[in-house]
Structures are given as structure tokens and as C-alpha cells.
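With the hints as your guide, set chains L and E onto chain P.
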Amino acid sequence: MIWSWNYTFEALPIIAKASIVTIEATLLSFVIALVLGLVLAILRMSGPTVGWVTSAFVEFIRSTPALIQIFFLFFVLPKAGIVLDAFTAGIIALSVHYACYCSEVYRAGLEAVPRGQWEACTALNLSSWNTFKNIILPQAIPPIVPALGNYLVALFKETPLLSAIAVLEMVQAAKSLGTENFRYTEPMTIVGVIFLVISLVSAAGIRWLEQRLNRRSVR
Amino acid sequence: MNATTEHPMVRFEGVTKRYGALTVLDDLNLEIKRGEKVAIIGPSGSGKTTVLRMLMTLERIDGGVIWVDGEPMTHMQKNGGMVPAEAKHLRRVRSKIGMVFQHFNLFPHMTALGNCMEAPMTVLGLPRREAEERAADLLNLVGLGEKKGHYPAQLSGGQQQRVAIARALAMRPKVMLFDEVTSALDPELCGEVLQVIRKLGSEHDLTMLMVTHQMGFAKEFADRVCFFYQGKICEQGVPKELFVAPKNERTQQFLRAVLEAV
Amino acid sequence: MGIISLSAMLVAALIGIAIVAGIGENAVFIPGLLQGAWLTVQIAVVGCILAVVMATIAALLRLYGPAPLRWLAVTYVEFFRGTSALVQLFWLFYVLPDFGISMEPFTVAVLGLGLNVGAYGAEVVRGAIQGIQRGQWEATTALNMTRWQALRRIILPQAFVAMIPPWGNLFIELLKSTALVSLITMTDLTFRAKTLNDYSFKTIPIFTLALLMYLVLSLIVTIGMRRLEKVSMRGMVRGQGRT
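Protein sequence lines correspond, in order, to chains P, L and E.
In terms of the numbering used here, the first sequence opens at residue -9 and continues consecutively.
In terms of the numbering used here, the second sequence opens at residue 612 and continues consecutively.
In terms of the numbering used here, the third sequence opens at residue 107 and continues consecutively.
Bound-form chain P, shown alone (with noise of 0.2 Å):
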């Protein structure tokens, strides 16, 4: 048969519970990438040595494939004596490779702030601290915020990734409920409904975030 809607209806708690699991895998990788982005983008920054092998660390981790820092972290980490579930450590790794997005995005935001505003902060006397906080961050963050909001789309996307170290997120429910009834066409169409409606909702609250944003600034 096409479609067996006995079968969707038994899928869905399962999915319903997983996808809450992806959406907290979601949620913490991103909140970790915005912070650990911008240390990272602050550290590009400063200083010839640091700068360089910062650069050379973004380069390299947004340079090389999620899945392999994932297996890495999660086969790695314990033999340095760190015992972690595999729910953190792909959160970790996810983490990681969407910092060194964002720090790109951290990036252009501060290089599109024009040098006038840190050598009026100079003239000013300003402290760097004060600078960064009070007159470079506030200009430089809502013109990448669209940016940002579109990795926060694909890093939802790729949580799917966890399934590989059995994360039990939504992918890998409809996995399992594939596997056991040895039917995957329900579960897994789903789930990509829930992933498409979600990614197109998303992608419409951006444009109008960045509508919204771009009214209020002066261009």
C-alpha cells in the first residue's frame, strides 16, 4: 500500500518525543556557537600569532566534514579519561563547527563597522572593553543577524548527524521504527515533513527579522 495512516498515527509519540530531543541538541549547540563564534572571532583578531592559528583552526574544522569531528569527539574524549553520553558529545562537536561559522559571520559584522567608530572610541578614550561593548557590538551584530538565524536553520538541519552515534533525535527514531517494522516510507517521510515545514517557517521569520532590521538602521 501507499501509505498506512494505523502506522503514522503509532510513529508519531515516538517522533513527537525525539524531536524534542532535537530540538534541545538544537538549541544548546546554537546558544554555545554564538558565544564560543565570537571568542573565536575576537581572538582571529587579535594579535599576529593567535590570529593565525585561530584562522588556521576555523579553516580547518569549517574545512573537513561534521560527521568525522562528531565520530572524533565521541571515539576520542574517552580515552582521555572523559566519559560523556553521546548526547553531549555530539553537542559538543556540533558546537564547535558551527562556532567557526559564525565566527566568519562574527567577522564580517566587525570588519563592515567602519574604522571611524574605533578611532572616535580612541579619541574618546574609550577602554577596549567599553568600545566593544557599548559602540562596535551594537553596529555589528543586527546587520549579521539574518546570517546567523540562517545557521541556526542548518545547524537543525544537520542534528540528523547525531543519529550516527544513536542519539535517540528524530531521525534516528524513524530509524528505528523503520527497522522494526521493516517499513521506513511513514516515519521517515515525517520526518522530513516536520524538518520542511519547520526550515520554511524559519526562513520566513528571518526575511522578516531582517526586514524588520533593516528599517530601523540607517543605510
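FYI, nobody ran anything at the bench for these hints, they're computed from the structure.
Any given hint might turn out to be false.
[Claimed, not checked] Using 20 Å as the maximum straight-line C-alpha spacing, the simulated EDC-like pairs for lysine to aspartate or glutamate come out as follows:
hint	chain 1	residue 1	chain 2	residue 2
1	L	K644	L	E814
2	P	K69	E	D304
3	L	K785	E	E244
4	P	K165	E	D204
5	L	K699	E	E244
6	P	K165	P	E0
7	P	K69	E	E131
8	L	K785	L	D637
9	L	K785	L	E617
10	L	K644	L	E799
11	L	K699	L	D680
12	L	K851	L	E831
13	L	K644	L	E617
14	L	K707	E	E244
Showing chains L and E alone in chain P's frame:
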């Protein structure tokens, strides 16, 4: 048709153009004779650039008909009446018109020679050798013979504009339109472009229509000057009369303001 | 990063591979990993070709096609951009057999990745074409070219140059996404690394080697695209002809 009464080369018949609620051209009637050189002047927003752009079919017409060389361009005769022109008809009539733009619009990925060869080969189907010869001749005509292998990025503004003129001429148009062709140039580069236009005017039987701010040039070069104001021709006449003794007050105001800026 | 820095990184990565392989018995992993890398390259290349083809068709349909085809292009783009690459691969791999369509894993891999990246590519192509200054179109009208002639001879060649950097990024995304095929039983570089790890537990050298190999491939793509951009520009200046 009586061969001695020549039809005008270009005729705007009751032409209207609107952008939403704004009427840019209002029931314009304008005739340009074969070989005539007409300068169009006026303040910004007066509709003068729109006149050229509609003739070049870059803008759609909202009312009236534009005639080129005796036949309608924007419309065609069908079953005894006028209907909007089909693409094929439009292209055929449009081929008699060439245009040079304020910002040159040269093709950056082709050399000067390539720019001039492209349309003759692609549109007219000329064989490569012939197109190359024609292009080289025209580049010589505008004084850029040795620059034919250069890309636009390697040429000055004045040189680029001259290439643009050669490119337009390569299609052998009967009518040449010049849309503020020196406005984007540094002052010292204007002369070389105006010189080419002067040469074209004297050596070739081209009908020329130019929108310009170069009053001095218009005064000595044009056969007729049209002063546009708010979508209508406010005043037109021979340059000697219009520039020296304008009849209309708005014309006077405009000319005073322009001369003050010099 | 300039081409020189990139080349330096490439050399450093290759040296890194040699060094790690030289430690202890790590060299024994190299043949298996290289075989995996070869499959990765094959999937990536075919996938990229499919992506470019799909992207160009979708972009042109969206810009110039009749209404139903335009709608189809939009649906394709929104659908494949909106769903997760892994979900798409799993769907092709696990669900289609339920309907009697069973494909080789290689075909599934190439199809899934190609369609996915092609959807992102469609926006790149569309953006590049729309980014060409209006003046270029007007010049073609003034020269009496048809729209198709203008596209073919003037617009697309310029759009092509503008597209190269973003396509470079997309190709690297595709390369990284090939790692996903290890989860549908394909023996690519990631699969090999994981299997070797399952047997020998020498996690750090194995995954370091795998990561370095991906880095090498990634740098080759980036350097290649930079050279391609330079060659296609041929007398043009960066940003010329674009709005």
C-alpha cells in the same frame, strides 16, 4: 507615395508615458527629419531621457504611436487598424535605431574589437572576417584603432564612450540616439567624444537625437533644440534663436540656471 | 586567503599526513583510507556535475520559464533547501525500496547530494544573473539582440564569473556532505575511518588522517576555483558589470 514629400525619419504621435500616477510624457508630438540633428534639453524629470528610451524600446509606450522611417514601430497595421507590434515587427523596425548610453554599457568580457563585432555577427549574421573589418574601420573612425585589443577596464571613460559609439554604428543604424553621453565623464574627456559626434554629423547622413547638458555643443552642432518641461515640449527652435532669445519664461529660467553653473 | 597561503596549507596538510603515517604502525591505515578517499572523490565529482546542471536549469526556469515550470523550479529549490541532506539520503535509500524502486547506493548518493546542492546552487545562479547591471541588458536591446542572444553571449558569460566563488563554497559543502553516504553503507573515506577505528581503536591517528585527507581535497577545490576565476576574468575587473 510622393517621393518628393519625404516622411519624417522619426515621428512621435500623441505619445504618453506614465509611471503609476506620474505622467512623464504627455501627448508628445515630435517630428524629426532625415539627417536632422536635434538636441533635447531640460531639467531632470522633464521626460527628455524617456523620449530616447521609448524610441529605443527600453520603455513601453502608454499611449500614442512612434513612427520610424515612415512605418509604425510600436504598433503595426493589421486588418486596417493599429495593433500593438509583435516582437518580430518591433525588432525589424528597431534595427534602424542605435543608442549610446550615459554609462557606456560596454561588454566587460570582450575587447573593444569584440564589442563592436558581437552584434553584427550574432544579429546580422555577418561572417567573422567581415564583422572584424567593419569593427576595425569604425574603431579607426573614432580614433581608437590601436586600442582594439584592449578591454573596457583598460580604457579611459572617454575612450570607452567612443568604443560605445563605434559599437552602435556597427549596426548601420539610420537614427543615432545619444543619452547624456558626456555626463559621466571627467570634463577633460568630454572633448574627444564630442569631436567624434561632430565628425559623425558632418560626414554621415545620420539622423541624430541627443539629450545633453552641453549647451555650447548643442548651440553649434544642432539643427534644432527642444526644451522639455514636465513631459511636454515647452519651446523648440533653431539654436541661434532659442539660446539667444528664448520666448518662453521657463526656458529663460532654465538657461539662466545652467549658465550660472558654468 | 591568497592562493599562496592556500597552497602552503595544502603542502602542510600533505606533510602532516606523511608525518602521522610515519608514526608507529599508522601507515597500515593509509591504503584503506585512500580507497575510501577515491570513492569520496568520485561521488563528489559526479554529484557536483549534477548539482551544476540542476542549478542552471532551475535558475533559468525560475527566471524565464512559463508559469508552471517556474513554479516547479521554486518548489524544487524550496523543498531541497528546506529538508536535511541526511533525511533526503535516507529517504531515497530506505523509502523508495518500499515502493519497489531500488537503486545502487552510488546512485542514491549522487542523486541525493546533487539535488540538494543543486537547490542551493540555483539561488547562486539566479543571483548572479540578476546581479548583472541593467545597462548590459539595455545595450543588447540597443543592438537589437534577442533575449536569448543577449543571455547566451553577454549575460551568462558575465554571470559565470560572478558565480565562481559561491560555487566554490558549494562544492566544498558537497565534498563534506559525502561523509553522510557512510551512513547508507557506502565505503567512502568516513566509512573506512570508522571501520578501521572499530577494529583497531587507534582513534586519533585514523581520524586525524581522515580529516587531513578531507582538508587536502577541500584545498584542492578552493585553489582550483581561484584559478578558474582568474582565467575566466580575462581582462575584466572584479565586480565590473555587476550591480
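Structure-based check of all given hints:
no.	hint	in the structure
1	L:K644 to L:E814	holds, 17 Å
2	P:K69 to E:D304	holds, 14 Å
3	L:K785 to E:E244	holds, 19 Å
4	P:K165 to E:D204	holds, 14 Å
5	L:K699 to E:E244	holds, 18 Å
6	P:K165 to P:E0	holds, 14 Å
7	P:K69 to E:E131	holds, 19 Å
8	L:K785 to L:D637	violated, 26 Å
9	L:K785 to L:E617	holds, 15 Å
10	L:K644 to L:E799	violated, 33 Å
11	L:K699 to L:D680	holds, 17 Å
12	L:K851 to L:E831	holds, 9 Å
13	L:K644 to L:E617	holds, 8 Å
14	L:K707 to E:E244	holds, 16 Å
Hints 8 and 10 from the list above are not met by this structure, while the remaining hints are.
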